[in-house]
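*Asks:* Kindly generate the complete structure, drawing on both the sequences and the hints.
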Amino acid sequence: MITILLRLVGRRGTSMPGLVASRVSPDLLFRLLSQLEQCVVVTGTNGKTTTSALLYSMLTDDEHPWLTNRGGANLLQGLLGALLPHVDGHGRLRVKRAVLEVDEATLPLITNRYHPTLIVVTNVVRDQLDRYGEVDGALAMLRSGLLYPGTILLTNADDPLAASLGWERELTYYYGMDECPVDEEPRNEVRDGAFCLICGRELQYERYIYGQLGYYYCFSGHFGRPAPHFGGKTDGSSELIVRERATDPRQEEFMVNAGAPGLYNDYNVLAAAATARLLGRSPRQIQAGAEHYEAPPGRMQTFPGSPERILALIKNPTGANSVLRTLESDERDKAVCFAINDADADGRDVSWLWDIDLERFVSAARCQRYVCAGTRALDMAVRLAYAGVDRQRIQIAEELPEALAMTSDLDVPVYVLSTYTALYPLGEQLRGAAR
Amino acid sequence: MTDRTVTLAHLFPELLNLYADQGNISVLRHRMQARGWTLTVTPVKLGSRVDFGSVDMVLLGGGSDREQQLVGRELAIYREDFATAIEAGLPVLAVCGGYQLLGEYYELQSGERIPGLGLLAVATRAGKGRLIGNIAIEWVSQSGESDGKTIVGFENHAGRTFHDYAPLGRVLKGHGNNGRDHHEGLQYKGVVGTYIHGPLLPKNPHLADHLLAQALAFKGCHEPLDALDDELEWRAHRSVLGMLGVKSGEIRA
Ligand SMILES: [Zn+2]
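Order-wise, the sequence lines are chains G and P. Take the first sequence: its position 143, counted from the start at 1, is 143 in the working numbering, and no numbers get skipped. Take the second sequence: its position 48, counted from the start at 1, is 1048 in the working numbering, and no numbers get skipped.
Just so you know, the hints here were simulated from the structure itself, not pulled from any lab data. All values derive from a computational prediction rather than experimental measurement. Misleading hints may appear alongside valid ones.
On the chain P side, residues computed to face chain G include the following (Cβ under 8 Å) [to be verified]: (1) 1030; (2) 1164; (3) 1202.
DSBU-like, lysine-lysine: derived pairs with alpha carbons at most 30 Å apart [said to hold, decoys possible]: (4) 1128/P with 315/G; (5) 1189/P with 1045/P; (6) 1173/P with 315/G; (7) 1247/P with 1149/P; (8) 1173/P with 1219/P; (9) 1219/P with 1149/P.
From the three backbone atoms N, C-alpha and C, an ideal C-beta is built for every residue, glycine too.
*Replies:* Here it is as structure tokens:
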């Protein structure tokens, strides 16, 4: 049976062979997982695909190869699909180390039967409310996935909800930003975690970083930002200084540059570097790995050409605000195309479009043209109109391919911001256009 | 020059701010501005007092289950003044969690009752499973008349809500108050309660203007609201009707 499955594996699209195999043997995934010597699971709301890709680059080498579920196939089938290509004719894994991106709802299904070496939680913010209920539900699912006490947890000190996962838990490490450029005034952003989980009072912030991330504390002293074992320092360039205080009282500092723009990517790089250090990689190996890192599909992926197009996933307000902030820092004139779908994988509810701080973007970003596409193009168009975009400058594409044609006459970069299910068709089309 | 300012009190924004209340506020603000009025938003944090006498309109937004429980503890101080203002005709828009909060309680599966503001005889019980999806209703006036206008949006609630007031409308596609009686929302004097978000107002400009006209009337100003260019809004509205397979012509006038 395995050989039949292996024949299927040659194809692209990692979920399909996994789906077939899970019907054949629901135990197969766990049989394979149990053969792993080391397994890092990366979960959380935003940044898990990028963090996993960074971590994979930092960990794998010829001597100790790792495998990964590259490309965000992060449900059970996707995990199986990532493992199967590495199975030999006797049903044994040839590669014994894995970095697995796992959806937060899938985490408990994995950890019920298998205990990874280390779990990274990037953040817990509002995402696809209709899929999981609300952010509390996501937090509860993560908490139940972290019950096994022997698993190391690395989580984000600057995010009150992610940090709360480490309360009174052994083998917990935190990462957070020591120094980074921040806005002088807090932006008009959603802060899901901005109240104490014990007394319910609004959290006080000494410093806002973005979204609900920052230096927070409860006025009654129940709860505050834990001191990070791995501190990051960035000046807004893609160079990140990692300050390590975990393993040795002597503070060690090293620089990592993965060429990934944006503060949210600094967090991803910091999480990956911290994980690699906890697994014993040297700073030199980590930097070498970061140099080989390539952005996963649709994570600020550039398609050269005329016009140059840059494809980025947006799927919730915090992530979208981070992406828009990176666009703002590109001082060139530009066009922006929003491709908004409402399939299950995108989130059926498009309310989140109104939680994006578009007003600020519209006034600051030197954007010449706005194109809206996808099944919810009109919702996006209305959103832009109320954010202050002149209605005459909003174009609506009936179909995705049209959206790109509507910007092909431009000589300024076109940012294509897309929800999940539009991302892959757009990526294919952009690859074709860039050829 | 008369005072052309409408004051909106946004209750408990730090807790009830799920489902893009900013969207509803943005629509109200822009549509007032376009008519030469200013909408001033006064955020009222939990625990601070509201002078309902200086408020022309109230927004109670959606919140997650946890947030609602937190709100429930400190509501008593608002009850009396708020109830008096509602009886006087104060326009109130209450969405999702805010709609539930107007009522007497939210009963959890365990039977435990989380108290609401107790302003209206409305009860909500947690049901098995959430009622989720796009929704379209036929807007029905408080006296039971309809001119065939639709309201569209998205609903996502575990609570099943029951009351004997006029509903906001009849469910054409979707679940509504409780998934059983084909009613959605509530209207009582100036109060509109609803599970419809998405947010509610951007794709329903007629409802936004209805609320604004009420706020102006409550202020004592009866000038008609100028028509605006709502082509995009109506296209978005019709696209939801299309997704749900509701043809606007099918609705009885
Ligand atoms: Zn507290």
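*Asks:* Please verify whether residue 1219/P and residue 1149/P have alpha carbons no more than 30 Å apart.
*Replies:* Distance ~26 Å between residue 1219/P and residue 1149/P Cα, so the pair holds.
*Asks:* Take a quick look at whether residue 1189/P and residue 1045/P sit within 30 Å of each other, Cα to Cα.
*Replies:* 25 Å, holds
*Asks:* Once the shortest beta carbon distance from residue 1202/P to chain G is found, is it less than 8 Å?
*Replies:* 5 Å, holds
*Asks:* With the threshold set at 30 Å, check whether the alpha-carbon distance from residue 1173/P to residue 1219/P stays at or below it.
*Replies:* Violated, at about 36 Å.
*Asks:* Using the nearest Cβ pair, does residue 1030/P come within less than 8 Å of chain G?
*Replies:* 6 Å, holds
*Asks:* For the pair we were handed, residue 1128/P and residue 315/G, check the Cα-Cα distance against 30 Å.
*Replies:* Answer holds: residue 1128/P to residue 315/G is near 28 Å, not above 30 Å.
*Asks:* Given residue 1164/P was flagged as interface, is its beta-carbon under 8 Å from a beta-carbon of chain G?
*Replies:* Violated: closest Cβ of chain G sits about 29 Å from residue 1164/P, beyond 8 Å.
*Asks:* Taking 30 Å as the top limit, are the C-alpha atoms of residue 1247/P and residue 1149/P close enough?
*Replies:* 11 Å, holds
*Asks:* Decide if the proposed pair is consistent with the structure: residue 1173/P and residue 315/G, CA atoms, cutoff 30 Å inclusive.
*Replies:* Holds, at roughly 26 Å.
Against the hints set out earlier in the document, violations occur for numbers 2, 8.
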